[in-house]
Structure formats: C-alpha cells, structure tokens
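Q: Got chain A sorted already, so can you dock chain B onto it with the hints?
Here are the chains, one letter per residue:
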Amino acid sequence: MNSEIWTEKYRPRKLIEMQGQKEITDRLASFIKEKNIPHLLFAGPAGVGKTTAVLCIARELFGEDIKNNFLELNASDERGIDVVRNNIKNFARTGIIGNYPFKIIVLDEADALTTEAQQALRRTMEKYTRTCRFILDCNYSSKIIDPIQSRCAVFRFRPLDNNNLKEYIKNIAKNENINIEEKAVESLCIICRGDARKSTNIMQSCSILNKKITEEEIFKISGYAKPDELKEAVLTAISGDFKKSKSMVLDIMINYGLSGLDIIRQISSIVFELDISPESKMKMADKIGEIEFRMVEGADETIQLEALISQFCLQK
Amino acid sequence: MIDLTEKYKPLLVSELEGRKSMVDAILSFLDSGKKALLIHGKSGIGKTFFVELCSKEKNYELVRVDASDRRDKGSIESIIGNTSKYGSLFGMKKLILIDELDGISGTQDRGGITELVSIVKETSYPIILITNDIRDSKISTLKKYCEILNFDRMHFQTIVSMLKKIALNEGLNVDEQIFRVIAKKSEGDVRSAILDLQVICAGKNQVSQNELENLGYREKKKDVFEALEKVIKNRDLNEAVHAFDNVDMEPGTAFLWVSENLPIAYDIPEIAKAYEFLSRADVFRGRIHKKQFWRFLYYQSLFSTAGVCISKDSEKHGWIKYQMPSKIMKLWSTKSRRHKIKEICLKLGKEFHCSSKIAEHSYLSLIQIMIKKKNEVSFLNDEEKEFLKTIKLLN
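In the order they appear, the protein sequences are chains A and B.
Here the first sequence is numbered in our numbering, starting from 2 and rising by one per residue.
Here the second sequence is numbered in our numbering, starting from 160 and rising by one per residue.
These are calculated hints, taken from the structure and not from any lab test.
Bear in mind that the values here come from a model prediction, so they are computed numbers and not experimental data.
Glycine is no exception: its CB is placed at the ideal position from the N, C-alpha and C atoms.
Don't take every hint at face value.
List time: in silico SDA-like cross-link candidates among lysine to any residue, alpha-carbon distance up to 20 Å [unchecked claim]:
| no. | chain 1 | residue 1 | chain 2 | residue 2 |
| --- | --- | --- | --- | --- |
| 1 | A | K36 | A | L56 |
| 2 | A | K245 | B | K449 |
| 3 | B | K449 | A | L56 |
Here are a few chain A residues that sit away from chain B, every Cβ distance over 10 Å (derived from the structure) [claimed, not checked]:
| no. | residue |
| --- | --- |
| 4 | I6 |
| 5 | L56 |
| 6 | E61 |
| 7 | Y129 |
| 8 | Y169 |
| 9 | L210 |
| 10 | S269 |
| 11 | E280 |
| 12 | A286 |
| 13 | I292 |
With the rest of the complex left out, here is chain A (with noise of 0.2 Å):
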C-alpha cells in the first residue's frame, strides 16, 4: 500500500467502513458471507467508491492470497480485446489458490470497450464462468451491451452527499493533523460534487504548499473555473461574440483541466443567474440538456461545447 498519497492511505479497506454507499455495501457484504458472488457490473461517477468496493471484496474474500486469485485489467489502457482476453486467459487458466470457490477479474472502465470486443467479452465470461467472477467498472450502464448486463448483478453508485463528503475529509484533516476551515470544506464538497479522490487530491496538494488551508487556496489548487469567468464566457456568447466566447472557454477548459462535462455542469447553473428573460433561460437550458446529450454520445467534446456556444449567440 502507498502511504504517500492519501488516496491511497485512507482507501476503506472494509466495506464497512465506505461512505455513502451503504445500501450497496451492505448487499455486497452478504454475498462475501455467503460466499457466493454473482458477476458484478458497478456503475457510476468518477471517485464514489467504485474500485475501492472492489479491492475490499477481494481482501475480505482472500485474504492473504489476493494476489493470486485477483486480477485487474484496466480497459482503456490494455490495447485491444485480445490482450484483454489473453490476460483473463492466462489468469483463469491456472488453479485457484486456497480454498476458494472462484477467483475475481476485475475490469475498470469497461465502456471504453467497442461493442464488439465487449461481444468477445460476453463469451470470455461465459466460458470462464465456473472458476472466475467478473467486475465491470463503468461510469454509465447503457454503454454496456445488454447480454453482458443481464449476465450481471447491477449496483448503481451515486456521488456522494455533502456530509459523508464532509465526514470523510474532516477524518483525513483529524488524523493528518492539518488545519482546514470549515468554509474551505464547504467549497471543496461544492467542488467535488461527491468525488472523494477529487477531494483528497486537492486537500493533500493544499496542505503541502500552505500550512493552514483556505477556500482561497482550495480554489486556486483546484482549477475550478471561477463561476465569474465562465459567466463572462456565456454572456459574451449572448452579446454575440462567437470567436471570444469559444476562446474564453477553450482557455478556462485547458487552464483548469476541466472536461466538456465539468464546463456544460457549471454552464447549466450560470444560465439561470442571468439577466434574461424566463423564456430564454428554458431554452438555453434545453439546448444545454440536448448539448450534454450529445456530449455522451458524441466523440468530441469540443465541437459540442462550440456547438453549445453558438445557440448562444442567438440569444440576443
């Protein structure tokens, strides 16, 4: 385990212990009890606790022997179906170590899979199924395949809320002994949204530049775009400006390290702080929603978001 980073260091290492996502961890911990785990699809955001409930179901069922009854795959770095397959193949291949009933293949961000090698993947599983269980980890189940999704337990995990966000920041500030005030916790759970490796990321890059940390120093640390400039951004769009507008909001993207999703988000909530009619707003909001839409379905983020822009434009 890595204690430098805290990521890392505060990882639950029990499924009692995750915040948040009781209902799930309470489900998964029976199956452990039983000893008997069906294939499992975790679906949701970003930082909730999806490979963490992983790596704790592995621990509690193995034990000692984790490293050899447990493997992780990572689809979007592992090329292609076939190293994926090879790699599960090797894997399952040899005998399970221990008196164990199966071993566990997990595979993070399964939607980055084509269609068709998540195909190959369906009949991986279903050849391997009596010595392996597999974990899909996903951020959205619809861009699984459904034969894959009806083969699997489906746990939906939401971001989460303030106060578990709260209670577990305030536990790392406890025990690292670093000073916080109560506003910068604010703002980092506004931050955040519920993504807790998010939050530690910031507060551990925050604690080694300053002693004592302020929302000034949570804001600066984390790239958020000052909701100020992006609404600079949107309202040179309505006042017309297309070409500023598209470079105000490919800079705030590139200078915060922020997503097309991150921007649509902070977008959404600008638009009803406007000065604007009613009407307006609904259907800037309409165009937003049909943005985000496509922003998931599409292939590049940018042209949406530039797409997104010039429906301002016409807002006049």
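A: Same frame as chain A, but now just chain B:
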C-alpha cells in the same frame, strides 16, 4: 479564372499590358466577323477571364456553356442552336462562349462535338471555344472551322508582381523570396499561385522564409484548402459532399479543419446552423467509435461538409484566411512530451488502481507539487521526477 474572386479581377486588369497581344487577338476576332475562335492554353492563366473582359469592352451579351451543363447533341442545340440564329432580346450583339471543351464527354454528351461543328458552320454570332488541350482528337474536325489562338502561360515576373499586390492588399508582410518560389512552382498558373499564397499565409500577417520548409506538407495543406473552399466559401451541395474525398486525411481531422475555419467566414446565425450540423455529425462519429458502425461515416461526413456548406445563404466572397486547427498544432508541438507523460501515468495508474487517463487527470498535478516541494515520491525514478519538474502541465 473562375476561382478568383471579384476582388482580384481589377488587379489582373492592371496586368493587361503583359497580355496585350492576346487581348488584341480576341478583339480583332470580334471585329472581323469571323465565325469561331478556338483558344487553347494551360489551366489557370486567364483564358475565360479575358474573353469576359473583351465581351464587356465590345458590349456583347455573353451566352455561355461550360462543364456544369449537359452537352449532348440535344442540349447543345437547345441552348445555343437557337441563340446562334435569332437576335438578342435586348438588341445587343451576342457572343457564345463554350468553355472547358475538354470536358465534353464521348459517351454522356453523345453527338455534342458533331453538333458544335454544324453550329459553328451556320452561326450568325461569333463563337469562342476554350480548351486546355488542342491536340485532343475529339476536336480535330472542329479545329478546321475555327481560328486558333494560343494563350501563353503567365510570365514569371507578372505572377510575382500580382502576388505582391494581393499581399499588399491583404496587409500581409511576406518575404520577397516566397513570392518567387510560389511563382516558379506555379509554372504560369495564376490560380494555383494565389492558392499557394493563401496556404502559406494562413492565419498569419508576417510570413518569413522559414515557411517554405516542409513544402511536402504544404502540398497536402493545399488539398485541404481546396476542400475548405468547397465547403466554406462555395455553396454547391454536390461539390461539398465530395470535398474531402481526395484529401489524404482521417475524417476526424477534416472535421477539425472545418470547425476551425467556419467561424472565420460565417456570421452568427450561419455559425449556429453549421454547428448544429457539426454537432450531429459528431454524435455519429461517437457511434462509429463505440459501435463500429462504419456505415455511419456517411452521415458524419455528409453533415460536416454539405451541412456546413448549405448553412449559409449564399456563397462567400473574398479571401478567407484559413487557419490550421489549433488543437492539431497543440498536439503536434507536444507529441514527445505527451508520450512521456503517458508512460508515467500508466505507472501511476497501476499504483492507484485507475487508468492512465484518470491518473493524469487526478494525480499528476498533486505529484508534481510533491516532487517540487519535497522530492520524495517512492514510485517514480529520478529521471521521471526531473521530467515532471520541468514541464508545465496542460491540465
């Protein structure tokens, strides 16, 4: 000259001296009462343009047929057969111009050439025919009934001075040597010379000699520019659909070129319309990637070319300062750096149970801070640490 904008025609007129003999030849043909004149010469040297100019000078009504019209026997007869016999509606003298004679196809335009021969024999108005290749066997009979005029390619110096005028007009500060290299490469073809200039000056006001490096790449860029003209400047649906067919690039890259350049030429409502198409095209692109439905490539390219093309009310005039997509430039200049970062992030991903992508997004900046402040991370080697110290992260 059809591709040259209205904007540059006056510039060309001022270069008339260099081609005086040819203009004179056309004018004296018009005065002579002879029936047909066949002009031949390389493409892009001003054949059509000078005919237009002379017909204006002599007050002729110009009746023209070019490659976009069908030219089988029936069509030719109906378009110019009658014209050649009856008077003009406004009492003007008429001049019939048959452009791009090479384009008359042997199969589709069956009987076209034979019909032309009979029209040339009987016409009561002057006819000017234009072709690139005088030796084409198709027109061997036709030639006998025409006077023949050879258009020389434009002189090197003429092209240089023309390019200079355009650069001056556009407020471009261009190194003298660049004009000369472009003019030489054009081999007398003004149209391509101007396009080359447009390519080399894309998005810049100051152009130094260094720009002449990587001419191989420029060639490719020229193809892109031609495609962009079809999509962004012109408004011909059928042309736009096939604009990128012969450009050697991935559909995704073509996409970036279009989106980068359309805001330069379009106004706001047009931009919004065009982006609606681009956005739809991108959704299809996503479906291709995720489901491997390559059939959808058709819709992706249809929306991103033809969709963008018809989002404007009429074709755009003037010189468009096309730019290279900023995203591509960024990726290019950071290629080796990105490779190293990726390697480090793969390592981080293994350490922190996530993909390299998430590692880059969530951990890299934290680790950079740790190295800078304390230099104590166990999971990276010294070389990797040094590398992370030196770079400024994009995100």
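Q: Evaluate each hint against the coordinates.
A: Checked hints:
1. A:K36 to A:L56: holds, 16 Å
2. A:K245 to B:K449: violated, 33 Å
3. B:K449 to A:L56: violated, 28 Å
4. I6: violated, 7 Å
5. L56: violated, 7 Å
6. E61: A:E61 is indeed farther than 10 Å from all Cβ atoms of chain B, at 16 Å.
7. Y129: holds, 22 Å
8. Y169: holds, 16 Å
9. L210: violated, 7 Å
10. S269: holds, 17 Å
11. E280: holds, 18 Å
12. A286: The assertion about A:A286 holds, with a minimum of 17 Å to chain B.
13. I292: violated, 7 Å
Hint compliance for this structure: hints 2, 3, 4, 5, 9 and 13 are not met, and every other hint is.
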